[in-house]
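> Given these sequences and hints, build the entire structure.
Chain residues, written in single-letter form:
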Amino acid sequence: MAIVYRRSKGLTDVETHYCPGCTHGIIHRLVAETLEELGVLGKTIGVAPVGCSVFAYDYFNCDMQEAAHGRAPAVATGIKRVLPDKVVFTYQGDGDLAAIGTGEITHAAMRGENITTIFVNNAIYGMTGGQMAPTTLVGQRATTAPLGRDKSHAGSPIRIAEMLATLDGAAYIERVTVTSPANVMKAKRAIKKAFELQLEGRGFTMIEVLSTCPTNWGLTPVKALEWLNENMIPVFPLGVYKDITKKEA
Amino acid sequence: MAKELWKGNEAIAEAAIRAGCRCYFGYPITPQSEIPEYMSLHMPKVGGVFLQSESEIAAINMVYGASGAGARVMTSSSSPGVSLKQEGISYMCGAELPGVIVNVMRGGPGLGTIQPAQGDYFQATRGGGNGDYRLIVFAPANIQEVVDLMQEAFELADQYRMPVMMLLDGMIGQMMEPIEWKKPPVSPDDLPEKPWATTGTKEGRAPNIINSLFIDPEACNVHNKRLEEKYRRVIESEQRYETNDTDGAEVIFVAYGTPARLARAAAGLLEKEGIKAGVFRPVTVWPYPYEALHEVSLQDSVKAIVTVEMSTGQMVDDVRIGVNGVKPVSFIGQAGGVIPTPREVANAALKALGR
Amino acid sequence: MAYHEIIVAGFGGQGVMSIGTTMAETAMAQGLNVSWLPSYGPEMRGGTANCNVVIADTEIISPIVLEPSELIAMNQPSLDKFEPAVKPGGLILVNQSIVERKVQRDDVQAIYVPSLEIASELGNMRVANMTMLGAYIEATKYLKFETVVDILRNIFTGKKAHLVELNEVALQRGADCVNR
Ligand SMILES: Cc1ncc(C[n+]2csc(CCOP(=O)(O)OP(=O)(O)O)c2C)c(N)n1
Ligand code: SF4
Ligand SMILES: [Mg+2]
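Those protein sequences? They're chains A, B and C, same order as listed. Be aware that the first sequence starts at 1, since it is given in the working numbering, and climbs by one per residue. Be aware that the second sequence starts at 1001, since it is given in the working numbering, and climbs by one per residue. Be aware that the third sequence starts at 2001, since it is given in the working numbering, and climbs by one per residue.
Keep in mind that the hints were calculated from the coordinates and are not lab data. Here a beta-carbon is modelled for each residue, glycine too, at the ideal position from N, C-alpha and C. Worth double-checking, as some hints may not be accurate.
As the list claims (entries may be wrong) - Okay, derived cross-link-like pairs now, EDC-like style, lysine to aspartate or glutamate, Cα gap no bigger than 16 Å in a straight line:
#: 1; chain 1: A; residue 1: 9; chain 2: B; residue 2: 1203
#: 2; chain 1: B; residue 1: 1202; chain 2: A; residue 2: 200
#: 3; chain 1: C; residue 1: 2087; chain 2: C; residue 2: 2059
#: 4; chain 1: B; residue 1: 1003; chain 2: C; residue 2: 2059
#: 5; chain 1: B; residue 1: 1194; chain 2: B; residue 2: 1158
Claimed, not checked - Partner residues are not named here, just some residues of chain A that face chain B (Cβ under 8 Å, in silico):
#: 6; residue: 18
#: 7; residue: 44
#: 8; residue: 219
#: 9; residue: 222
What follows is the structure, encoded as structure tokens:
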């Protein structure tokens, strides 16, 4: 029988703690495979966030640092400035990156920090139990927005990919999702491109991945995928928002 | 070696470079901005890293990353900025990362004033961040001592794998004094090996992980106990202090940093009035030299202990712990950027002696 | 040797700080102990600036000068502010060009230096502060002119080397004001 699924060398044997149907796991796999395929696992330092993916430091089979909530881009900056020849990435949720760490991510992008950020946007604070995130959709319920996010009270979702794409330091920014095999393949290509550009020293790269949180959305894994496609994508359109290689062509 | 006239802030930056530090992250704030300014000019000349961060929070987290990647690294700020660094300092302690943090203190609370003060003593010695952690805190009183201690600060940080704070006040940062570079510069190539650093596995070893999360309470307890044991070793080995004319003194001033100099001037005034006064100066305010202070206080000649601070009274708590009731302890201080005068200090001693 | 506690005060931009650093450098080169402490902060922007310099052959205890043995007052507000603090028997050097009044105390020595007039005669207004320093050195007689000139040589190098001589003349012209 053919092996249809092989665990990537980029992941350790530690069993992940993600809920059933959570797409964090798929995104981990895509990053791990990319690092393996590029042959850079031995020279990669990853930075884990605070959020559901906090234990990412145990899952990726490379050197890892665990950052304070939101500070991963600053930690990664410190690492990259000391070790410019290594591959450095951050893996961050939407609370981590788009709320408490907005300053750090914006300035890392502004500086054109030669790192790659994997931004997992699930429109919720997963780890702490489903509170409203800056990416929560208008009308979407959260434990701190029991009647749904009210625009007049809490504003509208922040679109990080679009925002960071305005910065000259950003080399490549794309929004993808992992709701279907085709989308997963696209996401993988995007992630690989981001790391390749980092290896070329082109500047800041970020892949925003729309991700599910069945647990806090109160949906089955399948329904969660549907909900994402139907509700999140219209607010967070998929696509490439910045690609410095395009200008040259 | 010839003496050179150096400004405190610039001397501390140069001393760091001479101590083999090749990595600085910081954010401007008075009265310490000469440190990042100096670094921005001189770090590139020695192939080092200088980066002006977007905030003090970012700076300390850059320090965290760079330290985790094995670099000898530092940051500096003044009081309000050091408040923002508390998060990162706590994480560095949890993850056992070395690094040097300079606080050139100004008056607070809040925005306070840019003039010299010592209101951050509790923050420095009790921890302004969360959790059970300690910093080695050096409190130099002159610029020669600033540069002498800088190398030691980096060495102790590496030795114990913990952050070390240089606690100065705005006056020491801004003033100039002649100094000598006593120790030869340290080459960054000669620094201790850091096998724990995240420099890439080269696929030849298990991944290194820099982390302060121990989600299982048992594991977190074990981690804390291990830190406690480390801090106990620091307490045993790293207390530093200086005494001036304390033998046979009638009154003993206890002060660190700038006030220690004022206390010595006050002692000079008292001497002219026929009163023998001495000064006990902690050079490390953590670990605090409690036993040494206790010894000095026990002398029969000593009638009063007077603590002098540029605050409304913080270190005086440690003085009371050290003296432990054997002699009366009193306090004289000014805050918010006002520096007590030697006359005020001498009068406080007279009052304590009942004269 | 006496324990010299000096305040140099004036407007920002009058070269107050560099009078102090030049004194400190000179004293250090003569093997004396020194400290130099500037005022810092918003007051320096357009307002008054001052520095405290302590010079002694014994250990310097505090760098803060509350009762100066010598005051160099580059402007009127500085004279107003610090004249009362000068130690009895002390010395006040007044920048006569812009200070409109005389020293009021009779228990101190007062020396007046027309710094701007001298500087304008020398064709470079920036040497005004050097005339004050020259007068100070002449009046107190513990710093050596040769050493100051050596220090100036280290400061003015390359294209600015010609300024050494000009500054030297300015120092001398200031010194000449002492015994007039
Ligand atoms: C300074 C600080 N504030 C708050 C928290 C609590 N906290 C932990 S995770 C989290 C939100 C994480 O949400 P997100 O980044 O969206 O990640 P997800 O769990 O959804 O993947 C919060 C608020 C913390 N750890 N530190
Ligand atoms: S809470 Fe949500 S984001 Fe977190 S693991 Fe579960 S499903 Fe995933
Ligand atoms: Mg989230």
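> It remains to establish, for every hint, whether it holds in the given structure.
Results of checking the hints against the structure:
no. : hint               : in the structure
1   : A:9 with B:1203    : holds (10 Å)
2   : B:1202 with A:200  : violated (20 Å)
3   : C:2087 with C:2059 : violated (20 Å)
4   : B:1003 with C:2059 : holds (15 Å)
5   : B:1194 with B:1158 : holds (9 Å)
6   : 18                 : violated (15 Å)
7   : 44                 : holds (7 Å)
8   : 219                : violated (27 Å)
9   : 222                : violated (30 Å)
Of the numbered hints listed earlier, those contradicted by the structure are 2, 3, 6, 8, 9.
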